[in-house]
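Chemist: Sequence:
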Amino acid sequence: MIDLAQLRREPEFVKAALARRGIANSTMDEITLLDVEHRRLLQEAERLRAEVKDLSRKVGEARRRTDIVGADKLSARSRELGDLEREATQATEAVATALRDQLLMIPNVPAPDVPEGRDENDNVEMRRWWVGMDEGLPFPEYGEHQRVAHWDIGIELGILDIEAGAKLAGSMFPLYRGAGARLLRSLGFFALNSHMADYEEIRPPSFALTETMMSTGHLPKSADDMYAIERDGLWAIPTAEVPLTSMHRGEILEESKLPIRMTAQTACFRREAGAAGRDTRGLLRVHEFDKVELFAYCTPDQSDDAFADILARAEGLLQSLGLTYRVLRLCTGDLGTSSARTFDLEVFSPGVDRWLEVSSVSWFRDYQARRANVRYRTPDGSTALVHTVNGSALAWARIWAAIVETYRQPDGSIALPSVLSPYMGDSMTIGPKAS
RNA sequence: GGAGGGAUGACAGAGCGGACGAAUGUACCGGUCUUGAAAACCGGCGUGGGCUUGCCCACCGUGGGUUCAAAUCCCACUCCCUCCGCCA
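Residue numbers for the first sequence, in my numbering: 309 to 743.
Hints should not be assumed to be uniformly reliable.
[Said to hold, decoys possible] Distance condition first, Cα-Cα at most 30 Å in a straight line; then the derived DSS-like pairs of lysine-lysine:
{"hint": "1", "residue 1": "K323", "residue 2": "K565"}
{"hint": "2", "residue 1": "K381", "residue 2": "K366"}
{"hint": "3", "residue 1": "K361", "residue 2": "K381"}
These aren't lab readings, by the way, just hints derived from the structure by calculation.
Computed from a predicted model, the values in this text were never measured in an experiment.
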């Protein structure tokens, strides 16, 4: 949620910044109007309530003096004012609800360095990385044997069974098998182990309450993108960001404990409602995938470092897996609702000949903390909202695809990167020969 | 799923219609004392909101209700604990 106080203080700045994200000035003017009206009604209601309380006190006093007539008189007057107060309070709440509903739909104020743009085509590429780049080698040339899509490799080697997944849960629910399943498990294990020293490992629930979804900004805006379990009032989480951000919801944290850094691998569920038919083959876009998330609650001063650390870790994993990738700075048109700044990492997957998004590192400033009401105690004894930062490291379905395609050998087998050997053991080569 | 007990400030724990935003203890912060520390003593110590910055309002699990007045009475719900049942 944006800062209403800031909107009051510097309306022109906030309006201009949000206009970059397509929020009309008139929408913000409406919010300002509701805010003014709300405070007017609030004052009126509170004035009446103070008077009722005062009269009630006097009724008590009169009773004690056994002044029954006086007490009844005061009671009657208080009852009248009480009715007025009830009306005023109802009116106040109606306006407060309208204001809140509007406010929940307003995205975060973008950071000044977020480039202008309409959609993903306007994202700005910051850099690329590939094996040997530091030694001056050119961008890799991939051989014919690497130009095979992972869904074909999956069938060939019996490690990915898209049809079996579809049979069980419908299309876009992949099923991995044999060495393919083991590879997926190894990737998660590998990543969690590498973060373990600095990030507390969490295994959260896979479902969340509506309130939890509100905190991250996934609701009310993105309800159509998520799976709902209506009977139980639950939503399937689209990312571990959801439970991690709400871990300390409504709490006041010790500043000395910050930054609080956590990591979690979870299944991530996405309906992909608006993406029917787009890039849906194989693992390019699926309804369920495993992902390791990195997350930090921090003070405003710490948030730049927290962001840099998460980005560096995501890149570090890609580098140790030997995968080619690029870093994009998201433009205003592609930025997620809650984010003030996001960098995406895209891995190059030669078989499908595409860049695949495998990580999104975002800085939310206090937007999510305001929704989730997560604060910390400042040195002067007052409270302030924390900042939240998170990023994937990494989303495994697409990494799986990139690995299988990148490391396919001329004989059709796959020679896995050596960092996985602690987890893959004697299965470092996947292929007809090994199986 | 059934039966009973509970939910109050950082924690423990009183209050069970009228001056209660809430006793008391611990913890914490400041001060006195001390060579220093401890102890003792003194003072402070929840969160949010509004505006005329001194006041007002809200919050005692959540939501309703009764009343001139609710932490306190009534109803519903949620969560926790104990016992029984079921279960990976």
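Chemist: Of the hints stated earlier, which fail here?
Modeler: 1
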